[in-house]
Amino acid sequence: MYSTILLPIDGSDGADSAIDRTLEFARRFDATVHVLSVVETGAEPVGLDQQARDELRRRAEKRGRQATARVQERAADLDVETTRAVREGNPHEIILEYAESEGVDLVAMGTRTREDPAIGLGSTTERVIARAGRPVIAVRLEDDAPAVDAISYDRVVIPTDGSDAAERAAERGLEFAETYGASVYVPYVVDTTSYDLEETSRSMVGLLKEGGRNAVEAVAEDARERGLSVKTDVLRGVPDEELLEYADGLEGDLIAMGTRGRGGAAGDLLGSTTVRVLRRARCPVLTVR
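For the sequence shown, our numbering assigns the number 1016 to the initial residue and increments by one for each residue that follows.
Check the hints yourself; a few may be wrong.
[Stated by the list, open to error] Restraint-style ranges between C-beta atoms, simulated for each label pair:
hint	residue 1	residue 2	range
1	G1226	T1056	25 to 35 Å
2	R1080	E1225	27 to 37 Å
3	D1159	M1016	22 to 32 Å
4	E1236	R1072	23 to 33 Å
5	A1165	G1252	30 to 40 Å
6	R1043	G1118	38 to 48 Å
7	D1092	Y1195	18 to 28 Å
8	E1236	S1209	41 to 51 Å
9	N1229	E1103	45 to 55 Å
No wet-lab data here; the hints were simulated from the structure. Quick caveat, the model's predicted, so the values are computed rather than measured. All C-beta atoms in this analysis are idealised placements derived from N, C-alpha and C, irrespective of residue type, glycine included.
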């Protein structure tokens, strides 16, 4: 499913969790990991002369080389093949350009969980997720993450709203579940922020629920054909809140979501259900356009 995985690194605290999960994916899928460090240009303090700017960039490039080399050594211990690169420029643009030029199959990005969904993951991660022409997996940065050999995926959550993006994400999520032999859970949320259910007729509520049942059953049928254990649920409430509570209650190991489902913004992910889940999820989130 994935033969090449791009892992951008920036030296963030807790980055070992994203690195180890990426190396575990690579080992599982027999994939090559491209380790990329981006030296951000234009971020130097105002007032520096060119010589000072050049010196700062040289130091940043050296740190990038050292960081990518450490990941490469770690990968070698796990018999994972790697290639590494240091580039200069705007981080999200360089990551997207590299992914395109190298034809990588998956991008793995570390993220900070935010209790307040209004606080972003960081512009680089959100911009990559919004614009990448390939799946992106967002991995929570944490200091006490499990070691590579202790990482497992037993429960995969695949939310659906019946959209094309959700269908594409479901395909990837089911492939992932097949690889790990995981159980699949498929929720649909009747959005109470879009429909005042107290004022909506019973017939309309019934149609909304029926639409939800049809959407989850389409994914469930595909899961059964793959020999996977699957459970479906139709929920009511605020979509991101319901999905997070659902995944936490199951102790889900992965959430697979589309980035252009209903409620998504046209230009980016800000304000969408997917980005709100990304900002607060405790498990990795696989996003598919």
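Hints, one by one, checked against the model:
Roughly 48 Å separates the CB atoms of G1226 and T1056, a value that falls outside the hinted 25 to 35 Å. Our hint of 27 to 37 Å for R1080 and E1225 is violated, since their Cβ atoms are close to 57 Å apart. Taking 22 to 32 Å as the suggested C-beta distance range, the pair D1159 and M1016 conforms, at roughly 29 Å. Between E1236 and R1072, the C-beta spacing of about 54 Å breaks the proposed range 23 to 33 Å.
Judged by the Cβ atoms, the range 30 to 40 Å given for A1165 and G1252 holds: they are separated by roughly 34 Å. A hinted range of 38 to 48 Å for the beta carbons of R1043 and G1118 is inconsistent with their spacing of about 20 Å. Between D1092 and Y1195 the beta carbons are some 22 Å apart, a value that agrees with the proposed interval 18 to 28 Å. Taken as a hint, the range 41 to 51 Å is violated for the pair E1236 and S1209, whose Cβ atoms sit roughly 27 Å apart.
Checked against the hint of 45 to 55 Å, the C-beta distance between N1229 and E1103 comes to roughly 50 Å, which is consistent with it.
In summary, the numbered hints that this structure violates are 1, 2, 4, 6, 8.
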